[in-house]
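2 protein chains.
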Amino acid sequence: MRLRGRKGIRENLEAQQDLVVLDPKQYKGRWKERFGNDRPIYVELGMGKGQFISGMSVKYPEVNFIGIDMYDELIRRGSEKAKIAWAQKLEVEVEEVQPPNLNLALGNIEFLEECFEPGELERIYLNFSDPWPKARHGRRRLTHPRFLDKYKQLLNENGEIHFKTDSQTLFEFSLNAFAACGLQMSDIALSLHRDGVNEKHVMTEYESKFHSQGMDIYRCEVMVGREALRRHEQRKMEQF
Amino acid sequence: MRLRGRKGIRENLEAQQDLVVLDPKQYKGRWKERFGNDRPIYVELGMGKGQFISGMSVKYPEVNFIGIDMYDELIRRGSEKAKIAWAQKLEVEVEEVQPPNLNLALGNIEFLEECFEPGELERIYLNFSDPWPKARHGRRRLTHPRFLDKYKQLLNENGEIHFKTDSQTLFEFSLNAFAACGLQMSDIALSLHRDGVNEKHVMTEYESKFHSQGMDIYRCEVMVGREALRRHEQRKMEQF
Chain L
199 MRLRGRKGIR ENLEAQQDLV VLDPKQYKGR WKERFGNDRP IYVELGMGKG
249 QFISGMSVKY PEVNFIGIDM YDELIRRGSE KAKIAWAQKL EVEVEEVQPP
299 NLNLALGNIE FLEECFEPGE LERIYLNFSD PWPKARHGRR RLTHPRFLDK
349 YKQLLNENGE IHFKTDSQTL FEFSLNAFAA CGLQMSDIAL SLHRDGVNEK
399 HVMTEYESKF HSQGMDIYRC EVMVGREALR RHEQRKMEQF
Chain E
199 MRLRGRKGIR ENLEAQQDLV VLDPKQYKGR WKERFGNDRP IYVELGMGKG
249 QFISGMSVKY PEVNFIGIDM YDELIRRGSE KAKIAWAQKL EVEVEEVQPP
299 NLNLALGNIE FLEECFEPGE LERIYLNFSD PWPKARHGRR RLTHPRFLDK
349 YKQLLNENGE IHFKTDSQTL FEFSLNAFAA CGLQMSDIAL SLHRDGVNEK
399 HVMTEYESKF HSQGMDIYRC EVMVGREALR RHEQRKMEQF
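Taken in sequence, the protein lines are chains L and E. To convert, count from 1 in the first sequence and add 198; that's our numbering. To convert, count from 1 in the second sequence and add 198; that's our numbering.
One thing to keep in mind: the hints can contain errors.
Since the list gives no way to pick one copy over another, a pair counts as held whenever it fits inside one copy or between any two copies.
Simulated crosslink set (BS3-like; lysine-lysine; CA at most 27 Å straight-line) [stated by the list, open to error]: (1) 398 x 332; (2) 332 x 407; (3) 332 x 434; (4) 434 x 230; (5) 226 x 434; (6) 434 x 350; (7) 407 x 287; (8) 348 x 223.
Simulated from the structure, these hints should not be mistaken for lab results.
Whenever a hint applies, use it, and build me the whole structure from the sequences.
Below, the structure is given as structure tokens:
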């Protein structure tokens, strides 16, 4: 996407230090302290314009959310979106609002392990990640085994990865990567909104657009932590 | 499909007892004896008109193949197709040919365990199985966990299940069934012939038709036997 109007972005972001984290590495191991509570932390890797993470933070106030992106302009847009969403929910002015359970972090996912301690995260969302269609760029895909190994380290005993995309090739690659890494999948959907929009999940900007164009949205969950696997084991046959 | 001209079908089939098996239960535990050798046995459940199993038997003479269907008219058509395929390969007249590594069996997959001993099969092919789209018919789908449990019993230490379909809903159901049963998947394809026809696999009648209409063909392999899993473990990272 084209990112315009960069002048003044940094000043804007620096003025919102309760919501925006410009150097997430300094909070490694201290995110619960920063949020001021012990609630689980769900992270979206590549939050884009922030519709999903803002919507989720409003919908699930009992969870702490962190949206990460490497573009400061996206962090700025995300912060606007988040404040508008929370102002609506709390019925206050946008200027007065402070989303209590959301942080937007400027960071490169390549260095994720420098931002979080092992076990510090409970869920990782990957939404409409760059498919990197050329085979020689396969290592950059966020579901490549080298990233899955990192996620496994960072997730806690309830850890799960929730992945959705419109890209058939990325989804195919990802299913094979999860399988090759011995990860337990569940709730695999090859057309998430086949029977109408699935309201259980907040839609991303891309998702709204692609779904309205009649494209399939692919989704799957991956159980990583010991407790997540145990719960999956108990309920897995209910669907049959 | 409409099945016409049933008159005389039984007589036709009874006259081909080297190729056609009208009562497969009598060979339970004795299929190697029937084939006269110790080669692995690959079975197609629901062989339809027989293009796939005929083509496979010609392509892989070192394997014994059994095609199963519950309709005698399909067994008859399959026997014609098989003889034509083998006559072409051997450059003899159709009347003179006897496919050496192929049997076509009349049988109901519900009673599969009455036709084969545990460990008697090395591979099961499920090609374009009936998707049974209504939820209440889910138990009839050939990838339902109740069937997967049977297949696990019947497959040997090299055992694999190879599944393809044009049905997005059946493929979705099946991936979830494989995952829920803790089965190791590999080679998942959401559009098997995306980059042109994949010559590695013999096409079925449905596959040729649907592919020519631009539809996606879904495919996946499932490693069941101990040795199949070990080989998968060794090569699984090569794709990344």
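Verification of the supplied hints:
1. 398 x 332: between (33 Å within a copy, 23 Å between copies)
2. 332 x 407: Answer is within; shortest intra-copy Cα gap is 24 Å, inter-copy 29 Å.
3. 332 x 434: Between copies only: 20 Å across, 35 Å inside.
4. 434 x 230: neither (32 Å within a copy, 38 Å between copies)
5. 226 x 434: neither (35 Å within a copy, 33 Å between copies)
6. 434 x 350: both (21 Å within a copy, 18 Å between copies)
7. 407 x 287: within (24 Å within a copy, 53 Å between copies)
8. 348 x 223: within (16 Å within a copy, 52 Å between copies)
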